[in-house]
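Q: Chains as they are written, first to last, in the working numbering: chain E, 1 to 278; chain X, 1001 to 1292.
You may find that some hints are simply not true.
To be verified - Taking lysine to aspartate or glutamate and the EDC-like style, the derived pairs with C-alpha atoms no more than 20 Å apart in a straight line are:
no.: 1; chain 1: X; residue 1: K1133; chain 2: E; residue 2: D43
no.: 2; chain 1: X; residue 1: K1010; chain 2: E; residue 2: D168
no.: 3; chain 1: X; residue 1: K1004; chain 2: E; residue 2: D168
no.: 4; chain 1: X; residue 1: K1010; chain 2: E; residue 2: D43
no.: 5; chain 1: X; residue 1: K1133; chain 2: E; residue 2: D41
no.: 6; chain 1: E; residue 1: K105; chain 2: E; residue 2: D41
Just so you know, these hints were derived from the structure itself, not from any lab.
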Amino acid sequence: MQITSKQTKTNTVILYALLFFCALIMLVPFAWMLSASVKLDKDVFGFPIKWIPDDIRWENYQEIWTTIPLLQFIKNTAKLTIIVTFLQLLTSSFAAYAFAKLQFKGRNLLFLGYIATIAMPWHVYMVPQFIMMRYFHLNNTHLSIIFLQAFSAFGVFLMKQFYEGVPDELCEAARIDGMNEYRIWAQIMLPLSKPALSTLTIFTFVNTWNDFLGPLLYLTKMELKTVQIGLRMFISQYSSEYGLIMAASVVSLIPVIIVFLALQKFFVQGVATAGLKG
Amino acid sequence: MPSKKTQIQKQLVAYSFIAPNFIGFAVFTLVPIVFAVALAFLHWDGSNPITWAGLSNFTDLLDDDQFKAALKNTIVYTLGTVPLTLISSLFLAVVLNQGVKGRNFFRTVSFFPYVASLVAVAAVWNMIFNPSKGPVNLFLYKLGFENVPGWAADKHWAMITIILFSVWKYMGYYMIIYLAGLQGINPELYEAANLDGTNAWQRFIYVTVPQLRPATFFVMVMLTIQCFKVYDIVYMVTQGGPGTATLVLVYDIYNKAFVSWNLGSASAVAMVLFFLVLTVTLIQFRGEKNMR
């Protein structure tokens, strides 16, 4: 009996050691980023790593706002992300309601249109899409990014899956009570679908905030750029301003980390259900 | 019996629900897809008149060194990234599933690399793996290694650098899928295995792994598709170099379209990419059927 308890003890120690090691690998780059962001460029590299510099340079966090138009980049990204997420939630849940709960001609055909493209990588049609946007004079406008991101097959698919789990009787009862379809959607379906909406919010938010190739193609004017391409431009122009690069990187991470921490419960559920349903 | 008028009205209501999303989707996704297929059979530089190309865009690819390198590199990247990510995410999930304290903390932490923006984490990664002054190589020097890898700057190590970075970035995401799969395993199976006197490793091999087959299959398909589409990571770590050491398919599409404005040729490569993804998706479809 004693041997087994000893064994479990060693097992537990090994287990935690492994976990600690994994967490270290995950976190060290972030810790390094934070540490470098308050260092002088000449102190960034150096071994052994000095995690907390003797002279903490908070000035890096002041200078980034004047060295690059970081505030403008953040405003642009926030604007795009909020509009895209809002449109995505609204139009996806709207369309999904009809696909899940209403009978109409061509329902299966239209839905097939969505299904057929769900596995199609954006990169396959990004070139003709760019040509088309250019033809409409949408390149170098934020509208291009909004149109690019706001109407995804994924959103409709996710919401439809969820709505199908809501009993039809609920809608029937509401219809008998004299509610029209729009009110059923707004007052019954939307409040019920909080978990699905949260999942979609996080996916859309993270995707839009972190999108790189879309803005790289469409936004070449400085005043339109997003954080990602703005930051990337800064990195290639001032490649040796290590402290500033890291400070700007830290700033660019904050919004996503906040949204993620606030909604992570739903995110984990969302990934898990999307995963298991395949 | 509802009148014809209310029937039509009902249909219109339904269409009004679909329209906002579908119109946007049709204009900005469906139309470009059709356009993309057509472009693969045309010659066009984006401004001059379009001419018919037949299959020449595809046959030209056979002699195109850039494309051949890109196709090879994409496959190498996929073959390296998929198994490594799969094993590390499975390992993480199994460890986290042992009822450890602070489980939520560890789960959140391993998700950070996934949600963090690529530009920022790639910047750190490039500094940490800087060949001459990054802490990784300085550490290796300290350990006594003399020939430290050149990482992103060395054509033999560049792809490995990108693969390691991808594994680090994406393992947290797939871990979540595995965690959900692990929770679906009937605990009685483990109890029965315990009674048979098996050790932890045997239980992992004979209970956990077979029970996780659907999750593993899903992770494999998702990962493979994701690897075929890789672009951002390559752009930020190696810019496709050195030489063509890390040039991948999407990079080739980008170069052909927006650097040399050879839109037909770019679309032909895009069709190859689509064909690869479609094949994997069809395999998933069949596999899922077999598993049920």
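Q: Compare the structure with each hint and give your call.
A: Evaluation of the provided hints:
no.	hint	in the structure
1	X:K1133 with E:D43	holds (11 Å)
2	X:K1010 with E:D168	holds (17 Å)
3	X:K1004 with E:D168	violated (23 Å)
4	X:K1010 with E:D43	violated (69 Å)
5	X:K1133 with E:D41	holds (13 Å)
6	E:K105 with E:D41	violated (65 Å)
Going through the hint list in order, the structure does not satisfy hints 3, 4, 6.
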